[in-house]
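Just so you know, the sequences run in chain order A and B. If you read the first sequence in UniProt numbering, its first letter stands for residue 1, the second for the next number, and so on. If you read the second sequence in UniProt numbering, its first letter stands for residue 1, the second for the next number, and so on.
Be a bit skeptical, because a hint or two may be false.
As the list claims (entries may be wrong) - Label pairs and their in silico Cβ distance ranges:
(1) A/ALA170 to B/PRO162: 55 to 63 angstroms
(2) A/GLY84 to B/VAL165: 38 to 46 angstroms
(3) A/ARG86 to B/TYR113: 52 to 60 angstroms
(4) B/THR214 to A/THR28: 34 to 42 angstroms
(5) A/ARG135 to B/HIS120: 29 to 37 angstroms
(6) B/ARG20 to A/ALA170: 40 to 48 angstroms
Unchecked claim - Some chain B residues judged to face chain A by a derived CB distance under 10 angstroms, without partners named:
(7) HIS120
(8) GLY124
(9) PRO128
(10) GLY201
(11) TYR203
(12) GLY206
(13) SER207
(14) SER208
(15) GLN211
(16) TYR315
No wet-lab data here; the hints were simulated from the structure. Note that the coordinates shown come from a computational prediction; the quantities given were computed from them, not determined experimentally. Don't be surprised by glycine CBs; every beta carbon is placed ideally from N, CA and C.
What follows is the residue order along each chain.
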Amino acid sequence: MTTPPGHGPGGTRPPQPARSVTLPPSETVFEVGGLSVFYGDHEAVRDVNMNIGARQITAMIGPSGCGKSTVLRCFNRMNDLLPGARVAGKVRYHNEDLYGREVDPIEVRRRIGMVFQKPNPFPKSIYDNIAYGPRVGGFKGNLDDLVEETLTHAALWDEVKDKLRTSALALSGGQQQRLCIARTIAVEPEVILMDEPCSSLDPIATAKIEDLMEHLAQEFTIIVVTHNMQQAARVSEQTAFFSSEIDGSGVRHGRLIEFDETGTLFSNPSDQRTEDYISGRFG
Amino acid sequence: MTSRTLRRRAAAGTPGFLKRSQPRWTERVVKVLLVAAALVSVLTTVGIVVALIPPVVEFFGKVDLGEFITGTDWSPLFEPPHFGVLPLVTATLVVTVIALLVAVPLGLGAAVYLSEYAGHRVRGTFKPVLEVLAGIPTVVYGFFALKAITPFLQRFWPGDDPPEVFNALSAGFVMGIMIIPTIASLAEDSMAAVPRSLRDGAYALGSSRMQVSTRVVFPAALSGIVAAVVLGVSRAIGETMIVAIAAGGRPNLTFDPLEGMQTMTAFIAAAGIGDLPTGSTGYQTIFAVGLLLFAITLVMNLISIRLVRRYREVYE
């Protein structure tokens, strides 16, 4: 990200028309229209509209409680698992309604994987963590090869090749999180959702995850929720800024405020609320 | 600022100002009471073992240990007496195995259902009901076995050889029903304690509910589940009333569950309420069988602890 002098966060800038996205045209993976998510009677997120392109990193930023994680969990139907959660509006994945009657959430999750905030390896060996997804998916090939390929792909092989049979919980936090990413790609999904993947890690471990994300973005579509604006600026092509708003009847709900190319959103936001947030005046 | 705060500030720096300002003898009394409460069960166990030893030593002064362990004829109260304990041991084994065949699948099935499938409301209703089942007096179960299950089996038995009036099958079956709540409730507790994050991770990899339950939650909860089963086994081995009522009082060396047989506990109960003179060999047999029962449960517990250490998946 480059910031022209005088146009940095907090600086004055002349009004400009919103710039169009300058990325090479990319196939649309997700098409979200009028998406609202309810927890019981409470509307946690209201009217989100965004399109997400293939093989790039899309970041979702915003203050706590703005609904960015809630929206993320709509993409692989993890919200189904929360009692009382309900989704309204359109989430289309390659033109197929993700919430259609015939759609099997298990099939969805095999194509759209997820990495969580806190590393959550299974209390099994490193090998079995990687092999878990392929096994439950009915993988018939050579598991040993798959495990090696996957760990190599996730840049973890050299660190763990001599202790594949030891518990994954013996790894450091950063390694555990990379193992969770590896475990996700072992299923060969198309999309990887990451819900604040570095929030419990130190800066060095965070840098390794970011490298891995950029490397994986050549083949996978990645959507990452992050609290860390520098991270969004470093790794993502597109950024969505969410905030929580209070409507006329005093109800608080999350809204998508601005969605643009990352460089534009950070250097030249078109909404005052975005600018306030990225310049640290709010949140 | 309150005057108390002011006084405290003023005292700071004077010699000994950090000394205890109030006596705390209640703390000590409470601690003594709590230690005493914890010691009661330990001391009782030790006391039981100590009380068992002298009569048992005397017993084996008169009866050969080899005959006791390997003998196949148990008639300690008749003339001439025989002290082969095997018929009692096999009876306990047969009844316990039948009980477990009933209780382990049903109990663990119920636990998986309650922990992984049932909604909040179903769980809230089911678990208390299950626990009421655990509170039914065993004498009621015993008569249920004798007066309901046995006649049912005799009436609808498919083969030519229906069960006897007293039989191990009815007793074992009803005993299994009795220990379902123990196993289900404890196993459910330990499965419910498995962190949500592990389930989320498994679902996110495309697991079905069954796969999450059997491949992630079950192994992570294994130590609690084994503890639940072991407690169930201990209850089955130690259960007296059901077998005394429904399995009969005849020592019988057989593995045929359709026959009547006397378990170790049923013998102790029957001999214990009889009029055996203190110090007689017959009286001492009660203690010998009791100690054997104790030893069997102890060994079983030790084995299960080792099994758990080996196979459990420790989270966090």
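Legend entry - Range hint 52 to 60 angstroms (beta carbons of A/ARG86 and B/TYR113) holds or violated: 25 angstroms Cβ-Cβ, so the 52 to 60 angstroms window is violated.
Inset, instruction - Would you check whether B/TYR203 satisfies its interface hint, that is, whether its CB is within less than 10 angstroms of any CB in chain A? - result: holds, 6 angstroms
Legend entry - Interface hint outcome for B/SER207 [beta carbon to chain A under 10 angstroms]: holds, 5 angstroms
Inset, instruction - Kindly confirm whether 29 to 37 angstroms is satisfied by the beta carbon distance between A/ARG135 and B/HIS120. - result: About 31 angstroms separates the Cβ atoms of A/ARG135 and B/HIS120, which means 29 to 37 angstroms holds.
Inset, instruction - Go ahead and decide if the range 40 to 48 angstroms is satisfied by the Cβ distance of B/ARG20 to A/ALA170. - result: holds, 45 angstroms
Legend entry - B/GLY206 as chain A interface residue, shortest Cβ-Cβ below 10 angstroms: Holds, because the Cβ-Cβ distance from B/GLY206 to chain A comes to roughly 4 angstroms (cut-off 10 angstroms).
Legend entry - Outcome for the supplied range 38 to 46 angstroms, where the beta carbon pair is A/GLY84 and B/VAL165: At 55 angstroms between Cβs, range violated.
Inset, instruction - Under 10 angstroms, Cβ to Cβ, is where B/SER208 needs to be relative to chain A, so tell me if that hint holds or is violated. - result: holds, 6 angstroms
Inset, instruction - Double-check B/GLN211 for me: the hint is only fine if its C-beta lies closer than 10 angstroms to a C-beta in chain A. - result: holds, 5 angstroms
Legend entry - Restraint outcome when B/GLY201 is required to lie within 10 angstroms of chain A by C-beta distance: Interface hint status for B/GLY201: holds (4 angstroms vs cutoff 10 angstroms).
Inset, instruction - Please verify that hint: B/GLY124, Cβ, nearest Cβ of chain A, below 10 angstroms or not. - result: violated, 13 angstroms
Legend entry - Range hint 55 to 63 angstroms (beta carbons of A/ALA170 and B/PRO162) holds or violated: At 59 angstroms between Cβs, range holds.
The structure fails hints 2, 3, 8 and 9 (numbered hints given earlier, in ascending order).
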